[in-house]
Amino acid sequence: MTSGRAAGATITRGRVSGTLRSILVSIAYPALGFAVLLAVWWAWILFFVEAGSFQSSFAPDEGFRALVRLIENGTLNRHITASLKRIVVGLGIAAAIGIPFGLALGGIRPFARAAGLVTSFIRMVSPLSWTPLAIIWFGVGDPPVYFLIAIGAVWPIALSTSAGVASLDRQWLMLGRSLRASRIEMLRTIIWPGVRGDVLTGLRLGLTTAWIILVPAEMLGVDSGMGYFILDSRDRFAYADLVAAIIVIGALGFVLDRLAQWFLTPRRRSRARGAAGEPRPAEATPVPTAEYRI
Amino acid sequence: MAALPLRVTGATRRFRDRGHQLTVFESLDLEVQDREIFVLLGPSGCGKSTLLRVIAGLDVLDEGTVTLEAGDHGRDVGIVFQQPLLLPWLTVTENVSLGLDYRANQGARQDGAVEAILAEFGLSELAHAYPDELSGGQAQRVSLARTVVTRPRVILLDEPFGALDPLTRRTLQQWLLGIQQSMGLTVVMVTHDVDEAVLLGDRVALMSPSPGRISRTWQFSREARDPAHLAATRDEVLRAYGEVAPSLAPSTAAMPAI
Chain A
223 MTSGRAAGAT
233 ITRGRVSGTL
243 RSILVSIAYP
253 ALGFAVLLAV
263 WWAWILFFVE
273 AGSFQSSFAP
283 DEGFRALVRL
293 IENGTLNRHI
303 TASLKRIVVG
313 LGIAAAIGIP
323 FGLALGGIRP
333 FARAAGLVTS
343 FIRMVSPLSW
353 TPLAIIWFGV
363 GDPPVYFLIA
373 IGAVWPIALS
383 TSAGVASLDR
393 QWLMLGRSLR
403 ASRIEMLRTI
413 IWPGVRGDVL
423 TGLRLGLTTA
433 WIILVPAEML
443 GVDSGMGYFI
453 LDSRDRFAYA
463 DLVAAIIVIG
473 ALGFVLDRLA
483 QWFLTPRRRS
493 RARGAAGEPR
503 PAEATPVPTA
513 EYRI
Chain B
3 MAALPLRVTG
13 ATRRFRDRGH
23 QLTVFESLDL
33 EVQDREIFVL
43 LGPSGCGKST
53 LLRVIAGLDV
63 LDEGTVTLEA
73 GDHGRDVGIV
83 FQQPLLLPWL
93 TVTENVSLGL
103 DYRANQGARQ
113 DGAVEAILAE
123 FGLSELAHAY
133 PDELSGGQAQ
143 RVSLARTVVT
153 RPRVILLDEP
163 FGALDPLTRR
173 TLQQWLLGIQ
183 QSMGLTVVMV
193 THDVDEAVLL
203 GDRVALMSPS
213 PGRISRTWQF
223 SREARDPAHL
233 AATRDEVLRA
243 YGEVAPSLAP
253 STAAMPAI
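If you read the protein sequences in the order shown, they are chains A and B.
Counting with the working numbering, you get residues 223 to 516 for the letters of the first sequence.
Counting with the working numbering, you get residues 3 to 260 for the letters of the second sequence.
Here chain B stands alone, though its shape is the one from the complex (with noise of 0.2 Å):
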């Protein structure tokens, strides 16, 4: 079998908190393949975050393991959050070069790649504004882009675009499409958001809340993102999340139509 550039096989994360204990999620497998946008979806509370960030190495597995690829520069896994957590001192230049500058990721350097990637993502003019003078949709891509410079194997996206405002999530969302084919990347991104599931996923994973677990996948096409599919798919995968999530009346799990 081929080298796959992330695999969790039987996976336990459990909290203790004053002699209770929740099992976030149990015994949760995945792999994903080279160049795919793998989507978790889920509602609140499944376990889906804490698994990005476990995969990211930002927390730990009670049981199984996490198997990474090195990637090309030595970096296996990067991460962006839902916040862009820009730093409000430095330039978007200056935000961008910021993992560079971290001996860890040396290997990622390059002469001009923080300008490559800014052209690339569209962000050269900003090059010198500071995070307050950015959109939300720009502070995001920026955020992206520190990210991206070091060249991760892997990137994670924390639900990128949960907090932004509507118009803008969907112009982001295409936006990322365009950049993770162009730049052949491969992303794993979490979301409680079904259209964004659809719309961007090669690969949708739903995961069911307590304990959490992987209760379905979908494997999609490039042409199922044709609007013509898109609406059936929707509905389908929008019944299944309905299923996992019994709390939510179907009224309310419904998201606008696109």
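Okay, chain A solo, but in the shape it has when bound (with noise of 0.2 Å):
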């Protein structure tokens, strides 16, 4: 180490340029990463595309010129708001399936004994796969759809509030139990509100995986939608309308993901754990192993 003075110096020195470098990475460094995207792409359409084939119509610039002009006259709204609704309708029944399912996997032991393995079986199977039997149990539209989403969200979300309600303090439900709380008291005010933020981090993660799922999902039997989109496209010849649905299936993921970590994230007040993670004395009286039911 120098003397304090230079000491001093550098580090002052040390926050300005620390200030600059923190513009560089959040700005300069993405925007260099999009910049060599668009290079790749744009040598790909240059060396080895033909001039005037069908496929030099997937150029960037093509793509955005289709792009402006889908948003211009509406069509890429309809298609945009069809899969939203649908990102949130299968959503809503991967949450209300998913919570209590994880309350229970993560709660109760012989209930998480029992589904265990049957959830780890049905979590591997890809949702796709339930594509011929979603069209056969729920006809053709937005059911199928709906269904396919559900199923594949369903499960981060119920694995996060299992998680969640496992790592509970166990010490906490003692409290509640010493204050003759009811079940349903206990699951209001102790447990609900020490697993909401890996709820929400269960959400976020469902919310993902259900937009993953969403585009291969409007594949099939529904005349509306970014999945849709893509197929009614190749369907047209429309190569550059193809890429600018891409590039919005893209951007509006990011800025879904973005949203969701923004609502989702439980604020510094709601978060679940905290100040309780006091270092505990090794003398600390064991806890009785208090196997709690919802």
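Since the hints were made in silico from the structure, they are not lab data.
Please note that the accuracy of each hint is not assured.
[Stated by the list, open to error] DEER-style ranges, computed between Cβ atoms:
1. B/Asp228 - A/Ala385: 49 to 59 Å
2. A/Ser348 - B/Arg16: 45 to 55 Å
3. A/Ala334 - B/Asp61: 20 to 30 Å
4. B/Thr69 - A/Arg331: 26 to 36 Å
5. B/Asp167 - A/Ala253: 32 to 42 Å
No experiment lies behind these values; they were computed from the predicted model shown.
Ideal Cβ placement from N, Cα and C applies to all residues, glycine included.
Fit the two chains together into the complex; they arrive one by one in their own frames, and the hints show the way.
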């Protein structure tokens, strides 16, 4: 270490360059990444695609031009609305099933034992494997899409909720019992606030999964949505539209994920765990293994 | 005989672990008088915390009975643990009113009860603070307030100051004495700290381990808490403590003098 004064000066300079660096990191680097992507895309069109061939309409400029046109004439608007509606409904169904399921999985030991293997089995079946069954069960239209989204998004929600319950401080449950809370009161005042953060994390993961499933799920039996629009563009040989659709899917997914991060990340005051993690002295009395039931 | 706030008769608790049976305590009797601090003193593992949990209704007896007198507001017993166990998403006020929100304690609900207890406990300025903004001593006072506000007939304290630094512990011990006297609380407290037992207890019951039994009981007058008497009393209790915990050499069992 140098003298105190010199060190102080270094720190001041470090702060300034730190601010600059953080601007660079947050704006310049992502922009650079995008520039490289565009360059590779252009290069691919320039060097590997014959000019004037049908593939040349995959070029970025064609894609962005189509994007502007499709936004202006309202076509995309209709498909985006349809897709978002399916995401909301599908994710809603997944949450309605996944949260109670996760609470049971994390809180009721016999249930966890009975359902554990079945859960891992079904979870590993790709949601799209259910497509034929979904159509047999729910016909064509929105219902099979809801089903496919729900069956994909239900697992991250359920497992995250379950992990939240399992990691709840058991002493909180003992506290609830000592204050004579009923089961419902325990669920409402201790368990639910305690796992809320994990449920929100599960919803975020579920949303990502839902978005990924949505596009292929919309390739069957519906006449709107981004997945449908991709197939439709292919059938119309409108490859620039197809590129525009891909751009929209990526951008919307990104925005949804960011929104979910913003809204579904627990605020400081509602976060699940914090001050309870006071270091416990080695002599602390052992906690009775109070197995709780919801 | 007048009704007692708490009476335990012939209490026996055994734990079974893979065929091996351990008797935690056996044929144990105790009676707690109104408005006294009854201290259960004993070395680690003598079963005193288990006994407290049984009284709190968090564990059950294999034999024997626990008789509790119902309080004026329906609630017979409330417990405070070694860890404050405050819910981190609730403010001090919300943590204190947690028990009052439960239907079982609706008899103790009263307008301004929470504010009153916060004032009594010197916590008014922290009413809107969150647990992570509190010191260990403040958190433990909030924890005690949360139990006291539900107006239990008997308050159980399970080594409530065990996780605190010595200075805070000493301050809170004096504070507890004041609160107990001003509010007329009946307290059963578990500790392995001889100084704490002698300082706080109106009566001190020494528990010997394996199986847990009450080997001796002292009754202290308020005068015994005078510094002059305290040292002598403490030595006597400490000697007895050393006898029931023979694995501890007297020198290691000794606590710093008051």
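Hints, verified against the model:
Take B/Asp228 and A/Ala385: their Cβ atoms lie about 56 Å apart, and the range 49 to 59 Å holds. Against the hinted window of 45 to 55 Å, the Cβ-Cβ separation of A/Ser348 and B/Arg16 comes to about 53 Å, which satisfies the hint. For A/Ala334 paired with B/Asp61, a C-beta distance near 24 Å keeps the hint of 20 to 30 Å intact. Taking 26 to 36 Å as the suggested C-beta distance range, the pair B/Thr69 and A/Arg331 conforms, at roughly 34 Å.
Between B/Asp167 and A/Ala253, the C-beta spacing of about 53 Å breaks the proposed range 32 to 42 Å.
The structure shown violates just one earlier hint, number 5.
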